[in-house]
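Protein chains: 2
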Amino acid sequence: MNPIIQTDVIELKAKLFRGLADASRLKVLEALCAEPLTVSAIVAATQLSQSNVSNHLSCLHDCGLVARQQQGRFVYYRLSDPRVGELINLATSLLADVAQGVYACTRYTGEMNQ
Amino acid sequence: MNPIIQTDVIELKAKLFRGLADASRLKVLEALCAEPLTVSAIVAATQLSQSNVSNHLSCLHDCGLVARQQQGRFVYYRLSDPRVGELINLATSLLADVAQGVYACTRYTGEMNQ
DNA sequence: TCAACACATCATTACATACTGATACGATGA
DNA sequence: TCATCGTATCAGTATGTAATGATGTGTTGA
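Chains C and B are the protein sequences, given in the same order.
Heads up: the first sequence is residues 1 to 114, going by the working numbering.
Heads up: the second sequence is residues 1 to 114, going by the working numbering.
There may be inaccurate statements among the hints.
Claimed, not checked - Rough simulated footprint, nothing fancy, chain B against chain C, three-plus residues with beta-carbon under 8 Å:
1. 12-19
2. 24-33
3. 87-98
Just so you know, the hints here were simulated from the structure itself, not pulled from any lab data.
Ideal Cβ positions, reconstructed from N, Cα and C, are used throughout, including at glycine.
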């Protein structure tokens with residue numbers, strides 16, 4: 001009755017957040033918040049390269065954050081669960097209050113400190 | 001009235017999620033969900049090294065996800081906003097349904113594929 | 001069957017960042 | 001003041017992973 005010990009649950013949760021922790025993937029997900037889109041439509045919406053979008057979509061799909069449905073030569077992607085959008089909205093809300101802090105968080109972006 | 005263009009908002013959101021996208025930081029944050037803790041208490045709760053915890057706390061603090069309060073030689077940390085906990089809870093809920101997918105997401109962890 | 005299209009995958013490069021061990025800093029009590 | 005404790009910072013290393021350009025795969029229409 002305990003197939004996953006606490007540490008593994010945390011690893012999974014971290015992996016889930018990592019799916020959201022990239023600007024390109026967020027662009028893809030936010031584009032999908034409105035409606036299902038084909039890969040080329042996502043490319044157009046995000047201004048990212050086709051292979052880049054495909055890579056991110058593969059990751060998001062493997063992570064279960066998006067679902068895919070083939071139609072002819074097109075593949076439609078959509079959010080797999082409304083909670084994906086909710087996570088993004090909650091982050092947007094939180095960001096409004098902590099934006100200054102996030103701006104200042106340069107510890108791991110290496111744009112200062114030495 | 002538009003100091004941040006859309007791309008920058010997305011970058012900030014990604015950075016916020018990146019604060020949650022690490023198992024060690026999640027351990028720290030989950031420990032803080034219950035109550036404010038000192039650094040050494042967090043070290044005990046998470047089993048991480050002291051310098052490692054300190055580094056993560058600095059990042060979390062810079063990102064505005066935790067708040068700090070010095071008391072004598074101790075520094076108490078706490079979640080800066082209840083929505084931080086909500087994000088984690090929402091992820092936990094989502095994870096329950098997409099766990100299989102997250103398990104399979106090995107694209108960027110390099111444990112298979114060739 | 002062939003050409004064009006939509007999408008996926010691969011190898012490579014470049015960079016971000018998690019962790020460690022050593023050390024520095026600041027507060028406290030003797 | 002000095003030793004100790006709690007915490008922060010640093011340099012170094014190792015690894016993860018985002019982006020690109022080239023190529024592969026599968027579908028459609030002529």
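Verification of the hints:
1. 12-19: holds (count 8)
2. 24-33: holds (count 4)
3. 87-98: It holds, with 10 qualifying residues against the three required.
Checked against the numbered hints above, the structure breaks none of them.
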